[in-house]
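> The residues making up each chain are set out below.
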Amino acid sequence: MDDPIIQFVDVHKSFRGQKVLDGLYLDIPRGRTTVIIGRSGGGKSVTIKHMIGLIRPDRGRILLDGVDVLSLEKDAMNQVRRRFGMLFQEGALFDSMTVGENVAFPLREHTELPAPEVEARVAEMLRLVGLPGTQEKMPGELSGGMRKRVGLARALILEPEIVLFDEPTSGLDPIMADAIDTLIQETQEASRRTYVVISHDVRATFKIAHYIAMLYEGRIIAAGTPDQLRANPNPILAQFLRGSAEGPIQVQ
Amino acid sequence: MIAIFELFGRSVLQRVEEIGRVFLFLCETGRAGLTKPIRWRLALQQMEFVGVRSVSVVLLTGTFTGMVLALQSYYGFRKFGAEGLVGTTVALSMTRELGPVLTSLMVTARAGSAMAAELGSMRVTEQIDALVVMAVDPLRYLVVPRIVASLLMLPVLCAVSDFVGILGGYFVGVGVLGINSGTYVANTIKYLELSDIYNGLVKAVCFGGILSAIGCYKGFFARGGAQGVGRATTEAVVLASVLILINDYFLTAIMF
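Chains A and B supply the protein sequences, listed in that same order. Each residue of the first sequence is one higher than the one before, counting from 1 in this note's numbering. Each residue of the second sequence is one higher than the one before, counting from 1001 in this note's numbering.
To be clear, the hints were calculated from the coordinates, so they are not data collected in a lab. Any given hint could turn out to be false.
To be verified - Some chain B residues near chain A, calculated using beta-carbon distances under 8 Å:
1) 1125
2) 1127
3) 1129
4) 1130
5) 1132
6) 1134
7) 1135
From the three backbone atoms N, C-alpha and C, an ideal C-beta is built for every residue, glycine too.
With the rest of the complex left out, here is chain B (with noise of 0.2 Å):
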């Protein structure tokens, strides 16, 4: 009986702590990254790997989004003869929702994973140590330029995904569907307002902290050789994932 008391409250402690790690790893990078110049070069070259680099990836599922969209709301608009709004539906699903939520995934799985495994490995190796050692703060020179770079990249990502999801709704209403292209660009154009496209921007960069900051904390505290690295990525992805769609509803509660 005490057994189970007791492995309840390692694991219960353990959660606290981890909670308590957490806050003071995101404090001490807001302080790193609020109170001392930000290292633009270093920034730089992670927005070029966060952003640009996510741009292909970006482009696909954005496009087929859209795609899929026209064709399942036509599938459904039809039934009451409003295929007319298979535009509209596309629009304010992919501003509002679907880009800035599948965005982040996407660079969740190929960004924040890389954060996780490249600060891990760092960490296992002692080059984390290293920085320290040499008076260098490692939260300044590694974190923060990703979380910076991401902050900054989800919403152009987010907005790329945006535009190329109506185009490919457009393609697959107009072109495979036969919807009046006239009817369809004047729908979407009536009921898209600028507030949704800036909700979903808004969503983005609070997603990019997200997964940037889960990314870089698991990495930063990795342990255990190749397999702890491992660990840390996986559940990098997986705790960012469900934290973004989690969050999600949260946002498009408060910003409803």
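Chain A with its partners taken away, still in its complex shape (with noise of 0.2 Å):
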């Protein structure tokens, strides 16, 4: 791939003696929606976590733009770290401020802006992930989906260069699935910024994704746009898509 902005060179984690990350070796393309499939707890959170230093591998290189993130002092990395927006997986809003609150703060944290800037900001993202007039709410008062979507405009509120998902619609029903791919799919169009998504929807990954990497006990086994991952002979890929019980993959 020519010009990754992210890479994983031979990176290793584990947990109390468990393995995670088993010599991962991955490239993230520019301004492209990347998905990362695979089972669930099998390390697809951790790699993101890698990627913005939420966690450090035990062994191996994460490069941003070519420079190695690890060797990095922690203002360096807090630099770093402005170029990048994160999507938790329950959203993880400040459960101490209201929604209002919750999206403005990366704003008024790293920004000088006058309060009646930083408000109709907030508003303008609040309308576009569909929540206008909720800034007062508390984030107790939200469904589970309200609160990812929360969660996204507050990612995406200082546009970040490069926008991490983990896992944007697991435990949501399937019509508000849908609505936050393709309001993922439809800020990536128009942002044209780099986009990392964790998922094991298999349909829902073939609907936004340009680029699709199978992440399998700690590896990245198979890697390429959806055509090229499609064609892929691969029996364990075959069975993740396929969505099937029966094959190499050993259910628990």
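From the two separate chains plus the hints, produce the assembled complex.
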């Protein structure tokens, strides 16, 4: 791949003796939506958290624009993090703050915008994710899907170069899931930024992905465009895409 | 036989790891608090929570402690006719010992536990990770304001406790037990020195540091969902209370 934005080079990670990443090589293309698929508990979240320095690998290198992010000091790392936005699995909204304060948080922390401007941007962002006028609500009053959409608004408000999505649609009803997928697709097409999505929803993956990587037992076993993946004869990948309990992947 | 050694070795390793983690946590928090400006708005919010909202419970415990002290010491002093010294005993015990210790224990139960629970649930719901991702140092945003607030508010609460304790002692001594009011007040003022009060306040600052650091530490590294948060909270209260009592001895010995 020419000019990948993020590269994993031989990354190893174990938790309490259990191997999660086992020599992971992965390139994330710039300005595209990449979906990492794989089984639950297979290290997808761990992979995405490595990209932003929430988890450090036991061994290996992670390059952002060719620079090894693991060698960075705390302040330099924080500079790097400002290029990222992240949507967490459960939204990770601050439950001591209102929806409006949550979405405004990155703006208030990292910009000097005057208050009316912040409010206007927040209102615009909430409208974009389909929740206009919810500024005064507390996160506890929202449904799971609404929390994820607020989380999305917060992740996008600084218009980051790279946005990471940790299972953006898991646990949502199919209509809400599709609405979020469409939102991801539309914002990516409008902004042409780099999106990295974790998913085990095969249908949604083919809808939004420009590039797909399949993670299995701590490594990428197949990667390519959706068409390339459909044509890939790898039996593990084929079983996953089929969504069948029969095949080389053992159900424990 | 080897299994016993293994078990022993593993538990020693865990302890060493934990001590290392506490030490790093404190160093990083200290660095975050000293090198960068403190977030006073957040610290003020915490001062309200730790300080203002603890006043009622401190008033209650302080008053009743002073009252019971007067009763108990009266019982003892009556045996050799020294009832007049009840006021002195109450004042010295409150300022040097019971004011700081009881206040700190009450604040541990009220605010130390809340710190562990709040930070713990923020940890398990990935809110702390969200702060990190948004390039906001969680130590500076969450931990430093809580520790600063506790360091500042504990001596104030301790002073409140001292005051109402002495007042409670006076009411029981003079009102209930019939000690002469003039003798009571004179003996209180005569034997109580400013250094007694300072000693107590210094202790309160130290205990504030202990209870907030432990509460934040336990919450910050909580794991394992609701159960983990519960465990962190319990551990924080128990550990902070024990450390307060142990340190109380050493601080008293140093400042004797």
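> Please go over all the hints and tell whether each is borne out by the structure.
So, going through the hints one by one against the coordinates:
1. Annotation: interface hint on residue 1125/B holds; nearest CB of chain A at approximately 6 Å, less than 8 Å.
2. Taking 8 Å as the C-beta cut-off, the interface hint given for residue 1127/B holds, the closest approach to chain A being about 5 Å.
3. Taking 8 Å as the C-beta contact cut-off toward chain A, the hint placing residue 1129/B at the interface holds, the least distance being around 5 Å.
4. The criterion of a C-beta within 8 Å of any C-beta in chain A is met by residue 1130/B, whose closest approach is roughly 4 Å, and the hint holds.
5. Annotation: interface hint on residue 1132/B holds; nearest CB of chain A at approximately 6 Å, less than 8 Å.
6. Checking residue 1134/B against chain A: minimum C-beta separation of about 5 Å stays under 8 Å; hint holds.
7. Look at residue 1135/B: its Cβ gets to within about 4 Å of chain A, closer than 8 Å, so that hint holds up.
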